[in-house]
Amino acid sequence: MKAEEIMNKRIEYIESDATVYDAIEKMVDRRIRSLVVRPKDEKDVYGVITGRDIVFRVVYKNLDPNKIKVEEITSKPLVCIDKDMDIEHVIKLMEKFNIARIFVCEQKKILGVVSLFDVMAGSLIKRARRGHFA
Amino acid sequence: MINPIPIIACGLIALSIGSNDTSNALGICVGCEIIRFRKALFLFGFFVLIGITMQGGRVMRTVGKEILEINLYIVSISLLVSAILVIVSNWWRLPVSTHQVIIGSLTGSGMAFGVSINLDSLLKILLSWAISPFGALLLSIILYRIMEKTLSKLPFFQIERILKVLLLISSVLIAYNTGANELATVLGPIIHSGLIDQGWASLMGSLFVLFGAVLLSHRVIETIGKGITALDPYSGFAAQFGAGACVFLFTSLGMPVSTTYCIIGGISGVGISKGIGTVRIDLIKKIALSWLLTPLFSFLICFIIIKGFGMI
Amino acid sequence: MLKRLFFGGKIEQEVIEKIKRHIEILCSACETFKTAIEKRDKKMMLGVFDLEREGDIIRRNIISNIYEGAFLPFLRPSICKLVEIVDDAIDLVEDAAFEYTDSELDNETKDDCIKIADMNLKMCEIFLIAFESLLSGEDLREKNLAIRIYEKKIDEIKFDLIKRLKTKEVKSFWEGKMISDFIYHLTNISDLIEDASDYLQIINVSLR
Chain B
30 MKAEEIMNKR
40 IEYIESDATV
50 YDAIEKMVDR
60 RIRSLVVRPK
70 DEKDVYGVIT
80 GRDIVFRVVY
90 KNLDPNKIKV
100 EEITSKPLVC
110 IDKDMDIEHV
120 IKLMEKFNIA
130 RIFVCEQKKI
140 LGVVSLFDVM
150 AGSLIKRARR
160 GHFA
Chain Z
97 MINPIPIIAC
107 GLIALSIGSN
117 DTSNALGICV
127 GCEIIRFRKA
137 LFLFGFFVLI
147 GITMQGGRVM
157 RTVGKEILEI
167 NLYIVSISLL
177 VSAILVIVSN
187 WWRLPVSTHQ
197 VIIGSLTGSG
207 MAFGVSINLD
217 SLLKILLSWA
227 ISPFGALLLS
237 IILYRIMEKT
247 LSKLPFFQIE
257 RILKVLLLIS
267 SVLIAYNTGA
277 NELATVLGPI
287 IHSGLIDQGW
297 ASLMGSLFVL
307 FGAVLLSHRV
317 IETIGKGITA
327 LDPYSGFAAQ
337 FGAGACVFLF
347 TSLGMPVSTT
357 YCIIGGISGV
367 GISKGIGTVR
377 IDLIKKIALS
387 WLLTPLFSFL
397 ICFIIIKGFG
407 MI
Chain Y
95 MLKRLFFGGK
105 IEQEVIEKIK
115 RHIEILCSAC
125 ETFKTAIEKR
135 DKKMMLGVFD
145 LEREGDIIRR
155 NIISNIYEGA
165 FLPFLRPSIC
175 KLVEIVDDAI
185 DLVEDAAFEY
195 TDSELDNETK
205 DDCIKIADMN
215 LKMCEIFLIA
225 FESLLSGEDL
235 REKNLAIRIY
245 EKKIDEIKFD
255 LIKRLKTKEV
265 KSFWEGKMIS
275 DFIYHLTNIS
285 DLIEDASDYL
295 QIINVSLR
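Chains as they are written, first to last, in the working numbering: chain B, 30 to 163; chain Z, 97 to 408; chain Y, 95 to 302.
Hints are computed from structural coordinates only; laboratory data are not their basis.
Treat the hints with care, since some could be wrong.
[What the hints assert, rightly or not] Derived CB-CB ranges, DEER-like: (1) R81/B with R376/Z: 54 to 60 Å; (2) I120/B with K271/Y: 25 to 31 Å; (3) F230/Z with I120/B: 56 to 62 Å; (4) K271/Y with E101/B: 47 to 53 Å.
Since the structure is predicted, the reported quantities are computational estimates derived from the model, not experimental observations.
Each residue gets a CB set at the ideal place from its N, CA and C atoms; glycine is no exception.
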C-alpha cells in the first residue's frame, strides 16, 4: 500500500503571523487536526501546527491564544515523503520522529497528508480485501 | 365376551392424542416449511406405528402389568373415566397429560377394588414424572452448547441446510416417542388384560392417532406457531431434540412420561443457555398445579365411582 | 421432498447466485458512474439506466424464488430486505446519473464528486467480498468496519461540499434543485451500502 492511496488531499493553510486563536477557530470549523503554516518570506519554509502544539504549548501553560502568534509554536520544516513510499516505511518514519502525521510532497508542492488515522483505516481496508483482490 | 367399552375408550383417547399432541412433533417442521402438512401427517402416523411396535412393549408392561393386577372392571372404568377426562379437558383446552390421567385412574380404580398396588413401581413412575422435564432441560442445554461449538462454526447457508435435516430428524423422534411411550401407556392395560392382541392393538392404535390428527387437523394447525415453533429454528431444534432424547431414555426404562412437559423443559433449557433471565413464574405455577392435580383428580374420580357402585 | 432436502439447496443456490449478480450490478453501476464523470461523458452515464433495469429484473426474480420456498421462513424477511436495500442503492445511482446529465458542475465540485463516486465503488467491492465471506463462513466484521470507514470519509467530503455549494449562485430554482438532488442522491448511496452491510451481519448471526 502506498502513501498516495491513503493520503488525505484536503490541506488547510494558515499565515505565520496569524494568532493561535485563529488557528483554533480554523481547525474547529474545518474539522481538521493540523494546519500548514505558510512561509513568512522567500527564505522561510513551510511548517505545521497541530492540536498537540496548541494544547501542550499554549493551553497547558495557561497562555492567551489571542496573544501568541502561530509562528511561535510552528514545527519546521515539514516532514515530507514521496507519494510512492510504502506504508511500512511511513510508519517507521512517524515512529522515529514521533509525529502523528506526515506530508506527501512532490517537488516543493504539498499533495496531501497521511495521519495515524489514515494509516489505521487503510490497513483495516487492506485486511478486509485480503485474499480477494487488490 | 369381549367388553367393547375399554377398547372404545382407548380409541377415543388415541383420537385425542392425534388431535393434540401431533403439533409437538410436527409444529416446527411444518412451520418452517420443511415438509407439507399432509405429508407430515402421514410421516407422523408411520413413525407412531414404528415407535409402538419397536419399543412400546416396555411402557405397556409397566402400565398394564407392573403397577397393579389388572382385571376387566378396572380396565373398563379407568379407561372410560380417562377418556372422558381427556376429551373434556381438550375441549376446554386445559393442558393435561394422558399419562397422568391414566395412571391416576388405574391407581384409583385398583385401590377402590382392593387389589394390591405395586408402590415401588408407582414411585418410580412418579419420580420419572418429576425428573423428566429437568432431564430434558439438561439435555437441551448440553445440545445447545455442542451446537455452538460445532454447527455455529460452519458457513451460514450450510447451517441452514443442515438444520432442515436435523429438524426433520427430531420431529421423527417425537413421533416415534408418541407411539412408544404415549400410545403404549394407553394400550398397556387392554393388552395385558388379554382383551386384545398386542399387534392388532398397536396397528389400530396408530391408525386412530392418525385419524385424530387428520380429522381435527384444524386444531393441530392452531397450535402450530405456539410452543416450540415460537422459537427460531436453531433453538427449536435444541429444545425439541433434547426433549425427544429424554423421553426416549425414559421409554427405554419403561417409564411413561409426558412429551409436552419435556418440551417445556427443553424450551426452558434453551432459554437458560441464551441467558434469558426472566422465567415465567406464573406459567411454571400453572404447570406445577396441573402436574399435581391431574393424577389426583383422576384417582379420586375413579375411586369414588367404584366405591359408589360398590355401595349400591 | 426428501431429495430436495439432501441434494438440494438447489433453489437456494440459484437465489444465492442471483443475489451475487445483483450486487455485481450495483458495482458496475458505480463504476460506470465514476468513469462517466471523470471523462465528462454524459452518453456513458446512460449505461447506468440499463444496469438499473437489469437489477430490477433480477430483484423480482429473487423475491419470487424466495417465496416459492427457498430458505427457512424465519430467514426470508431479512434476505428480502437485503435485496431491497441493494436495489434502492442502484436506484440512487440511477437518479444521480439522471441529474448529472442535466446539470453543469464546476471543477472543484466535480473533483469531490469523483472522490465520492470512487469511494462508492470501493464500498461496493468490499460489500461483494463481504457477501462472499458469508458464503464461505469467514468473519464479516472487518469488512463491515471497512465499509463504515468509507462511509465516514464520504460524510466528511459531503459536509464540506455542501458548505461550499451554498455560496454558489444558481440561475434558476430548477438548476439549484437539480444540483442539490444530485449531491443528495450521490451521497446517500454510501448510507445504503452501509445499511446493506449491517443487514448482512444480521443475517449472519441469525442462525447461530
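So, going through the hints one by one against the coordinates:
The hinted range of 54 to 60 Å is satisfied by R81/B and R376/Z, whose Cβ atoms lie roughly 57 Å apart. Between I120/B and K271/Y the beta carbon distance is about 47 Å. The supplied range of 25 to 31 Å is therefore violated. Between F230/Z and I120/B the beta carbons are some 58 Å apart, a value that agrees with the proposed interval 56 to 62 Å. Roughly 49 Å separates the CB atoms of K271/Y and E101/B, a value that falls within the hinted 47 to 53 Å.
The earlier numbered hint that this structure contradicts is number 2, and it is the only one.
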